[in-house]
Every structure is written in C-alpha cells, then in structure tokens.
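A.B. asks: Build out the structure end to end from the sequences listed, making use of the hints.
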Amino acid sequence: MSKYIIAMYIRLSMEDTKTDSLSIPNQRLLLGRYIDTLEQNDVEILEFVDNGYSGVNFERPAVQELLELVRQSKINCIIVKDFSRFGRNSIETGYFIEHVFPLFRTRFISVSDNFDTNDYKEDTGGMAVAFKYLMHEYYSLDLSRKTKSAKYTKMKRGEYISEVCCYGYKKGTDGHLAIDEEAAAVVRRIFTLALETKNAQEIVKALYADKIPTPGEYRASKGKGFHDISRCGGIWQRSSVLRILTDERYIGTYIMGKRTLKEVGGKRSRLKDESEWFKIPNHHPAIIEKAVYEQVQAKLLHFKCEKHNHEYVLRGKIVCGCCQHAMNRAPRKEPVFVCRYTKVDASAPCNGMEIKEGELETMLFDIISKQAQVILNTDNLNDIGEMELRSEQQAEYWKLISRCQDNKRNLYERYVMQEINTGQYAELKAGLDAELNHLNRIYTAISAQAAKLKADCEENNKAREFAEDISKETGLTQELMELLIDKVFIYPGNRIEISWKVTDFSDFQNRRDTHGEERNKGCHLLPRGDRRPVVAGSSKGIPARICQGTRI
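Here the sequence shown is numbered in my numbering, starting from 1 and rising by one per residue.
Simulated from the structure, these hints should not be mistaken for laboratory data.
Among the hints, a few may not be true.
[Stated by the list, open to error] Cut-off 27 Å, straight-line C-alpha distance, at most; resulting in silico cross-link-like pairs (DSS-like, lysine-lysine):
| hint | residue 1 | residue 2 |
| --- | --- | --- |
| 1 | Lys399 | Lys429 |
| 2 | Lys290 | Lys272 |
| 3 | Lys472 | Lys487 |
| 4 | Lys272 | Lys171 |
| 5 | Lys462 | Lys370 |
| 6 | Lys290 | Lys171 |
| 7 | Lys356 | Lys370 |
C.D. replies: Laid out in structure tokens, this is it:
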C-alpha cells in the first residue's frame, strides 16, 4: 500500500519575525499536532519552509519545490497554518486552491481558517473563503505601508535601520554606528594613498601586495558575508576603491533611502535619484576629516575609472581564458584588450597578455564569413526535389483513398438495393476497410515526411538569407556580435576560443527577427558559455567552439 504524503508548508516573512505565533517552530508545532488528529494510516510528512519571503507572490524556493511535486502527483495533502502562509495574493492563491489542487487530487487544509477541501464537494468554500483571500492581501499591502512608514520615522530620528553596516563601521551596543578600527584603518590608508596622487589602479595594487582582505572577505571573516566573494577572486576592484573615496558616510553623514523596491513583496529594487536620499550631516563618528575628503574629491578627476561614451563592437565579450575575468580595452592609438589582473598579480599566467582590437575584429569576422560561405555553397536542390516527390506521392495516395471511400459507398448502396446479402457485404467491407487503413497509414507517413522537409527547407532558407546578409557586410558589427557570439576567450600565444550562442544560422535569423522585442527568447541550442570542441563541417551548423592558434 502506498504512503499518504502530507506536505507541511511553513512561511515566515521579515515583517512577521516579531510575532511569536507565526514563528517557524510554532507553525511546525501547530501543524504537527493537527496531523496527529487526522484519521489517516501510513503517513509520510514532508516539510517545506520559506524563511524571510513575502507571501505576495509565489517566487519562493520551497513553495516552488512543493508545487512541482504536486504537478508530479506526489503530494496527497498540503497543510498550512492559515491562507496567508500559503499566499497573500487573492487571485493566485484562489487559483491554486480552486483549480490546480483539485486537478491533481491534492487535499488542502488551512488549520486556523478551519478549511479543508475534503469538506466541500462542489466548490471550495465560496464567498467566505474568497473574502479571507482578500483580507490577507489587504493585510499584506497595509503591512507594507506601515513598515515603510515606520522605517521613515526611524530614519528621521537618525536610527541606523540597515542590516549591514558600511565598511569601516559596526553597530554599537546602543544600535548606533561605531567605528570598526580594523576596517577603518584600511579606509584611512585608501584616502592617504589618494592624497599622494596615487591612481585607483595603484591603490588596488598596494592593497593586494599587502594582502589586505576585500570588504567582502572581511565581512565573511566576521561571519557576516552575504555576497559571493569568489567572483572577484579576493582582489580589490577599482570600482570598490572609488566607491569608498566618494562615500560621504566616512565624514559622518547619515545616508539612507538610496534604493526602493520595485513592487510590494518583491526582491528587486532600483536606485533612487541622489536628491531623494535621506541625509543627516554629523550623525556618527567620522573616519575621515571633511577637509581630507574634499581634497580627495578634487583629485578624483585624475584617476576615475574611464567612462567611454561611445560603444565598441566587442564590449563585454572579451574574457581572459586564464583567470576568467573580463579583459579591459586600453584606448591607445591602436586599442588593445589587456587582462587587468596582470597589473595586480605579476605572477599570473596571463601577465603581459594583450591582443589588438582591430586584428581581433578581423579574425572574428573572417571566421563568421567562412561559416556563412559554407551555407551559400550548400546546394539545397535535393531538398526541393524531395519535397516535390513527396507532394506527388501525397496526391497519388489521396486519389487512392478517395477511390476506396467511393467503393465503400457503392458497396453499401448495393447492399441496400439487396444486390448482395449480409455475409457478402460484411466480407467485402472488411477488405475495403483494411485497404483504407493501409492507405491512410502510408498517406500519414508521407505527409509527416513532407512537413519535415518543408520545415527543413524553411530553416535552410532562413540560414541562406542570414548568410547572404553577412556576405554583404564589410566588417564586424554590433548586431553580429550580439546575435552570434557569447564570449571570446583569449589565451597566451594569441590563441582564442569562441563561445557561440547557438549552433545554427537559421536560429541566428530567428534571434534577429525577435531582437529588441523579445531578446531573451532567442533559441539557445547550446547553454551559454558552452565551449565544447567541435570540428567545423560542411553543414549549416557551426561549432560551439573554434580554437585559433594563429598569431595576430
């Protein structure tokens, strides 16, 4: 006998943390006690917990895992403390309870609401339940407004409400900002180096040489890490240095309200205009004197990260194959791409590695052009001939099917006119039925082949159309790079690897058709970044990776 699977779903949002009855242990205890009262044998209990997630939407890891098991018919019953734990959006919550769960024969129980779908034969609770959905949704919106209002009041009082302190500070015993001397010493050193007319890259190099932990590494060492510090390989960024040098909080200015959520209950936020930020001067102890801060701001023009207003074709595409970091474009007379981390670590295998932008563009365009030429040199007359043959066969077999159906009608008329008896009719009809079934099977197979040939021919035409457009180009363009190439990896000895976005020129055409409208819906036959070595052949497909050993 199969087990009866019960899923306990528990959710706690950030706003609920002060309510004891909604705590995770209390929800678990309540649901466990209720399950003990169910008259059900051979029960297996699964637990799904979303801690710190709003109920306004269903973008929660545990609830998504639960719903996937429901779709696989692996859950017999879902039990929650109340409707709001499952969701505060009345439309989506109602849709799952009234449509999805009944479809998969999944029982739903809300303990505090005294609701059990087994108690309703024809509906799921009607107006009473719908009213509760709306009340929970209204409560969520009201709670969001109250939370924002409370935070704004605290900001006006100068209370530090962020969970993470600015690098160089920590929360004191009274809840206010206090100087973290260990990190503050690094901040002071960065400002001192800046006053010595050191540029941002030289400051980064000095910090790296002295093995100073990055802010992310420092927080992680204190058990407060919240970002993936492996992305930067433990190396200071010029942007991090400049961010510290331009942060008014180091002169004692309180800054809050820099970002706002895009939607209630969502995780995504947007940066507000600086005029909307909430600032209080001389709010907390300063790490940097105001005069020093102002001197540094005056010098920043000399070593800011360069910002180019113009777009260049290879932007964001060139990666160091040794350390996997993005390569920088150095705007010389002949611009080159260099690995910025060689300036930090002279022992890196990519030290001194650079590649000229113009020659790299030429090489990439030559590779793309050769692939396009393969398409143009491919003769698709065979496909057209096959399509014509299948079309003729379809017409021929359709005539045979029509003739067989006419014979069946004539046979029936002879039977009605008593020209043949019942036994003769049955025998002749069985023969015609068998023949008709045989003809239909052949016709269906030919039609499927014809449809596939037509689709292939259309794909080939798309590929040829795209290849013809490429043949008209005189050089690499932004559109070609956006459609065709994901990344270009550079290795010592001027060896490059190309990671293509897809493997078929017809798919490139599909991507171009939707480019700018539905950019994220492009056809990806290979995962982004797949660089498996595939030898280029004479088909319309292109290799997922092309290795070039030619010196340029």
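A.B. asks: Given the hinted pair Lys356 and Lys370, is their Cα-Cα distance within 27 Å?
C.D. replies: Holds, because 21 Å separates the two Cα atoms, which is no more than 27 Å.
A.B. asks: Check whether the Cα positions of Lys290 and Lys272 lie no farther apart than 27 Å.
C.D. replies: 25 Å, holds
A.B. asks: Given the hint that Lys399 pairs with Lys429, test it: the Cα-Cα distance must not exceed 27 Å.
C.D. replies: Cα-Cα ~19 Å, so holds.
A.B. asks: Starting from Lys272, check that the Cα of Lys171 is at most 27 Å away, please.
C.D. replies: 25 Å, holds
A.B. asks: Is the hinted pair Lys290 and Lys171 satisfied, with a Cα-Cα distance of at most 27 Å?
C.D. replies: 22 Å, holds
A.B. asks: Given the hinted pair Lys462 and Lys370, is their alpha-carbon gap at most 27 Å?
C.D. replies: With a Cα-Cα distance of about 17 Å, the restraint between Lys462 and Lys370 holds, given a limit of 27 Å.
A.B. asks: Holds or violated: are the alpha carbons of Lys472 and Lys487 at most 27 Å from each other?
C.D. replies: OK: Lys472 and Lys487 at ~24 Å, within 27 Å.
Comparing the model with each numbered hint stated earlier shows that all of them hold.
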